[in-house]
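In the order they appear, the protein sequences are chains A and B. Using this note's numbering, you'd call the opening residue of the first sequence number 1 and step up by one each time. Using this note's numbering, you'd call the opening residue of the second sequence number 266 and step up by one each time.
Mixed in with the good hints, there may be bad ones.
[Claimed, not checked] Covered stretches of chain B, as calculated for chain A (at least 3 residues, CB under 8 Å):
# : region
1 : 489-499
2 : 505-511
3 : 518-531
[Claimed, not checked] Distance windows between CB atoms, simulated:
# : chain 1 : residue 1 : chain 2 : residue 2 : range
4 : A       : 125       : B       : 494       : 55 to 63 Å
5 : A       : 208       : B       : 589       : 42 to 50 Å
6 : B       : 289       : A       : 162       : 54 to 62 Å
[What the hints assert, rightly or not] Over the 12 Å line for every Cβ pair with chain B, so calculated as not near, a few chain A residues:
# : residue
7 : 63
8 : 157
9 : 240
Bear in mind the hints are in silico, worked out from the structure with no lab data behind them. Built from N, CA and C at the ideal position, the CB exists for glycine as well.
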Amino acid sequence: MAQDQAQPLLQVRGLVQRFGGLAAVDGVDLDIMKGQIYSIIGPNGAGKTTVFNLITGIYKPTQGDISFEGRSIAGLRPDQVLRRGITRTFQNIRLFNNMTVLENVLVGQHTQLPGDVVSALFRLPNYRRAERHAEQRAIELLGFFGSSLVDQKDEYAASLSYAERRRVEIARALGSNPKLMLLDEPTAGMNDAETADAVQYIQRLRKEFNLSILLIEHKLQVTMGISDRIAVLDYGKKIAEGVPAEIQRDERVIEAYLGRKTAVE
Amino acid sequence: MATNTPAKTTSSWMDGVRRWVNDTKIAGRPLMWYLTGWRFAVIAVVLAVLLPLITPDMYQDIQSLRVAMISVFVYVMLALGLNIVVGYAGLLDLGYVAFFVIGSYTMAAGTAGQINNWAGKLINIPSFPFILLLPVGAFLAGIFGVLLGAPTLRLRGDYLAIVTLGFGEIVPIVFQNIPIFFGQFGISATQPVPIETPLGELSFTDPLNSTPFYYLSLAVVVLVTLGVFMLRDSSIGRAWVAIREDETAAEASGVNLTNTKLLAFALGAFVGGIGGVMNTAYQPNIAPSNFSFSISITILIMVVLGGIGSIPGVILGALALRLFDVFLLQRINDPVHQSALVAPINAPLHFLAGIDFNTLKLLIYGIVLIIMILLRPQGLIPDARRRRELAGVGAAPEGMSAAGLLEQEEVGGDVLGAGESLDTTEYTGAGSDAQGRE
Chain A
1 MAQDQAQPLL QVRGLVQRFG GLAAVDGVDL DIMKGQIYSI IGPNGAGKTT
51 VFNLITGIYK PTQGDISFEG RSIAGLRPDQ VLRRGITRTF QNIRLFNNMT
101 VLENVLVGQH TQLPGDVVSA LFRLPNYRRA ERHAEQRAIE LLGFFGSSLV
151 DQKDEYAASL SYAERRRVEI ARALGSNPKL MLLDEPTAGM NDAETADAVQ
201 YIQRLRKEFN LSILLIEHKL QVTMGISDRI AVLDYGKKIA EGVPAEIQRD
251 ERVIEAYLGR KTAVE
Chain B
266 MATNTPAKTT SSWMDGVRRW VNDTKIAGRP LMWYLTGWRF AVIAVVLAVL
316 LPLITPDMYQ DIQSLRVAMI SVFVYVMLAL GLNIVVGYAG LLDLGYVAFF
366 VIGSYTMAAG TAGQINNWAG KLINIPSFPF ILLLPVGAFL AGIFGVLLGA
416 PTLRLRGDYL AIVTLGFGEI VPIVFQNIPI FFGQFGISAT QPVPIETPLG
466 ELSFTDPLNS TPFYYLSLAV VVLVTLGVFM LRDSSIGRAW VAIREDETAA
516 EASGVNLTNT KLLAFALGAF VGGIGGVMNT AYQPNIAPSN FSFSISITIL
566 IMVVLGGIGS IPGVILGALA LRLFDVFLLQ RINDPVHQSA LVAPINAPLH
616 FLAGIDFNTL KLLIYGIVLI IMILLRPQGL IPDARRRREL AGVGAAPEGM
666 SAAGLLEQEE VGGDVLGAGE SLDTTEYTGA GSDAQGRE
């Protein structure tokens with residue numbers, strides 16, 4: 001049991017991703033424990049999203065290993081990674097714009113539904129039950145964000161507001177019953193009120209869905225407020241890691257964000 | 266929003282067509298109301314069932330409307346099958362005729378009684394019943410769909426189209442060059458023993474009584490259509506649309522891209538195989554030269570004309586083009602030839618005597634397609650999603666009024682517009698970190 005506690009949910013070791021001559025990610029180690037909200041911060045181009053793409057299988061790592069619940073997931077396809085229990089949202093929201101809100105969330109439950117032709121063609125009882133259940137579940141997931149999305153479930157995703165689309169994307173990501181959710185700048189482009197709201201539902205996500213959350217976030221007031229732990233990336237390398245208070249004081253972090261102090265006198 | 270866009274310069278007759286579609290009312294309802302959803306299905310099936318009763322019994326006339334409709338049914342199936350691949354999964358297949366060939370040859374070889382062995386010597390083989398060959402042809406075509414799809418589906422857009430085009434050319438050439446099915450001479454399905462049905466003897470190649478086979482084809486078409494509907498409204502159909510919309514997001518939502526695309530290919534091919542078997546069942550003589558690239562293109566035009574991704578649209582597109590081909594064209598050709606022939610040699614229209622409209626068929630299709638793309642890029646009966654894509658994402662007002670449909674088309678682009686998902690996916694968000702760095 002004690003060993004279980006020490007075992008990180010997601011463990012990243014020596015992760016390297018090169019694009020041609022450029023090492024976008026250069027030897028990053030991460031340990032995300034169960035139930036944590038873990039943030040990755042860093043200046044633009046530090047390799048944060050690349051780390052996400054490596055974890056979720058969009059890129060295959062050049063070097064290094066990623067293991068989830070003790071099993072390696074490096075090199076798996078995105079849909080296989082999702083089946084292991086890691087889900088994500090995208091920095092520039094990637095909803096299916098010409099599908100309805102409900103359909104978007106139903107696609108998110110794809111792995112939970114029978115996918116064989118025979119059950120679909122003949123609408124076998126198990127298929128109909130699964131579809132009915134998926135629809136109820138989709139409405140539940142939309143209901144997580146209050147009734148407004150439920151009311152708009154038959155609207156096309158493209159017609160929603162920006163903040164609403166971020167929420168639908170999270171609802172879609174929840175459809176696979178994940179254990180770990182990767183949120184890529186979940187408050188990007190939001191005003192203060194919407195950001196405050198987002199912070200609240202990220203915390204509720206952890207509580208109500210028993211999720212661990214890995215977060216990329218630019219707004220420091222967001223990350224400092226909700227993170228259990230923060231890693232700072234710069235030029236593809238992890239330059240600091242710790243609890244928010246440590247990060248705020250860390251010289252290298254300040255340097256990366258604000259530039260080096262130079263002796264003028 | 267249509268009012269903000271600069272008005273396209275359209276001639277008055279185009280407006281006239283638009284107004285006609287817009288204003289035509291049948292029993293107080295706009296025309297489009299009848300052409301959507303279940304109403305279309307009911308109307309189409311009722312008309313199809315009644316057709317043999319209300320058309321004169323022109324037996325012995327291979328060009329009778331009834332026999333023409335059997336051919337229409339075949340093409341409806343082919344168009345529905347191609348629509349799975351092109352319309353739902355968004356994969357451009359230019360070699361769909363290959364699956365038609367495989368279905369056709371299954372039926373022919375299965376009933377011919379005699380084929381060659383590898384050495385080119387005639388051997389007798391048993392003749393199988395139609396009811397067995399129908400699924401066999403469909404499954405064989407489906408298997409070839411997988412065989413074609415597996416190595417090629419990693420290609421995107423134009424590249425996939427080129428490979429499928431090649432496959433469509435290769436399959437007939439293979440049949441032409443292997444001796445088993447008599448090469449270029451082709452093979453003939455023999456008439457199976459007629460089956461007694463309540464409607465009369467169900468025979469397959471008897472031009473004297475096509476009614477039973479007409480109803481059999483109709484039944485198969487209805488079943489295929491129902492099947493396609495079921496697939497579209499299933500988790501599989503949703504996954505296809507998701508892939509078309511955004512491959513990366515679909516994959517991140519747990520959709521296995523390879524398998525799901527392969528499934529679209531296989532099911533499209535399956536339906537094409539059914540079409541092939543049905544076709545040979547009533548037109549028993551087939552040869553490799555019957556299956557040209559133009560068939561693939563014709564089926565694709567049917568899909569585009571009717572409305573990519575729209576089941577009623579695709580059915581209407583197939584009906585329109587195939588009826589034109591087998592029923593109308595000859596009826597234009599003959600009188601024109603006759604009147605031009607009897608006209609004096611220096612009469613202005615005498616040159617028409619030298620023109621065979623059959624050879625102009627593809628030209629006419631091309632012109633029709635261009636007019637459609639200018640006037641109504643979303644197709645005759647557009648799919649709701651496609652309508653949105655062509656109207657510009659997020660801008661389209663909802664509602665299925667004919668007026669709305671016609672307005673939206675003003676802002677439409679080319680027919681494969683709106684970043685046609687045949688090849689869109691780039692990991693935009695994904696690469697930005699690495700590439701954004703200076």
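Practice item. Taking the shortest Cβ-to-Cβ distance between residue 240 (chain A) and chain B, state whether it exceeds 12 Å. Key: 18 Å, holds
Exercise for review: Count residues of the region 518-531 of chain B with a Cβ under 8 Å from any Cβ of chain A, then say if the count reaches three.
Suggested key: holds (count 6)
Practice item. Indicate whether the distance between the beta carbons of residue 125 (chain A) and residue 494 (chain B) respects the range 55 to 63 Å. Key: 19 Å, violated
Check your understanding: Counting residues of the region 505-511 of chain B whose CB is closer than 8 Å to a CB in chain A, do you get three or more?
Key -> holds (count 4)
Point to revise | Distance restraint evaluation - residue 289 (chain B), residue 162 (chain A), Cβ atoms, bounds 54 to 62 Å | key: With Cβ atoms ~41 Å apart, the hint is violated.
Review point. So does residue 208 (chain A) sit 42 to 50 Å from residue 589 (chain B), Cβ to Cβ?
Key: 60 Å, violated
Review point. Can we confirm that no CB of chain B comes within 12 Å of the CB of residue 63 (chain A)?
Key: 16 Å, holds
Review point. Three or more residues of the region 489-499 of chain B near chain A by CB distance under 8 Å?
Key: holds (count 4)
Exercise for review: Take a quick look at residue 157 (chain A) and tell me if its Cβ sits farther than 12 Å from every Cβ on chain B, holds or violated.
Suggested key: 9 Å, violated
Of the numbered hints stated above, those contradicted by the structure are hints 4, 5, 6 and 8, listed in ascending order.
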